[in-house]
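There are 2 protein chains.
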Amino acid sequence: MDRHPIELQIEKADLAINREDFETLIDIYSDDAVLVIKPGMNATGKTQIRKAFEAIAAHFNHKLDVKQAGMKILESEDTALVLAKTIVSAPDVPPIHRNATYVFKKNPSGHWLCVIDNSYGHDLFLHADD
Amino acid sequence: MDRHPIELQIEKADLAINREDFETLIDIYSDDAVLVIKPGMNATGKTQIRKAFEAIAAHFNHKLDVKQAGMKILESEDTALVLAKTIVSAPDVPPIHRNATYVFKKNPSGHWLCVIDNSYGHDLFLHADD
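For the record, the sequence lines run as chains A and B. Yeah, the first sequence ends on 120 if you go by my numbering, and it's all consecutive. Yeah, the second sequence ends on 120 if you go by my numbering, and it's all consecutive.
Derived from the structure by calculation, the hints contain no laboratory data. In this text the structure is predicted, and so the values were computed from the model without any measurement. Be aware that one or more of the hints could be misleading.
Note: identical chains are not told apart, hence a pair may lie in one copy or across any two.
List time: in silico SDA-like cross-link candidates among lysine to any residue, alpha-carbon distance up to 25 Å [said to hold, decoys possible]:
id, residue 1, residue 2
1, K62, N51
2, K41, L64
3, K28, H(-6)
4, K41, E67
5, K75, N32
6, K36, P84
7, K36, D11
8, K62, F115
9, K75, H112
10, K36, D21
11, K75, S99
12, K28, D68
13, K75, E65
14, K28, K75
15, K28, S109
16, K53, F115
17, K96, A45
Make a model of the complete structure from these sequences and hints.
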């Protein structure tokens, strides 16, 4: 079966994160995309998102490895919800398993872009202040 | 703090489900909305969604009670991701707690409509066939 274009976009994003290819990475986000950096802290727009990923790469000592162990896509016209089993790894720390939630939107030229990137899923509820 | 209009829409939907007021209920969905009836089985569009809710009401012997115990909303322009703590109750069965995921979209007249309704969240992975 052909893979869903969103699956290919996420694979491209993971590879770009792991290679620290931030130019390729931010191309996958819409202009006003929202990225959850950690529960209670969001980045909005390509400039903030790029800075967040640069900081995340440094935090993991430039050895971050992100991959998806499974993915479900629900699509309604130009909008899609992705439920993913995301694994975040780095040397010397146990792998982190996340129930990630992403929203993608198809732009007028037919490309799916990430508009909301919440790799924490319902772990947002662990942050009590908002 | 003023409540988010999406929170009010979800409250209206829950009340409509519990009262079996399907006219009000389907008004909250976009024309091509997708509802996960159960993992692996979706309804698409207002007609199918209405039929699904009629069947769900009958399944729970017309005593279904749906409510949200908590909600986080992530918004990017006209699209929003909702992470909710949903409780589904009926007499004589233990309440079901779900980590629900909803996607809403603001229509041109400024109303937020549900485009993807997946009350099962990552429990979609419990269904192996798709």
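Failing hints, ascending? 1, 6, 11, 16 and 17
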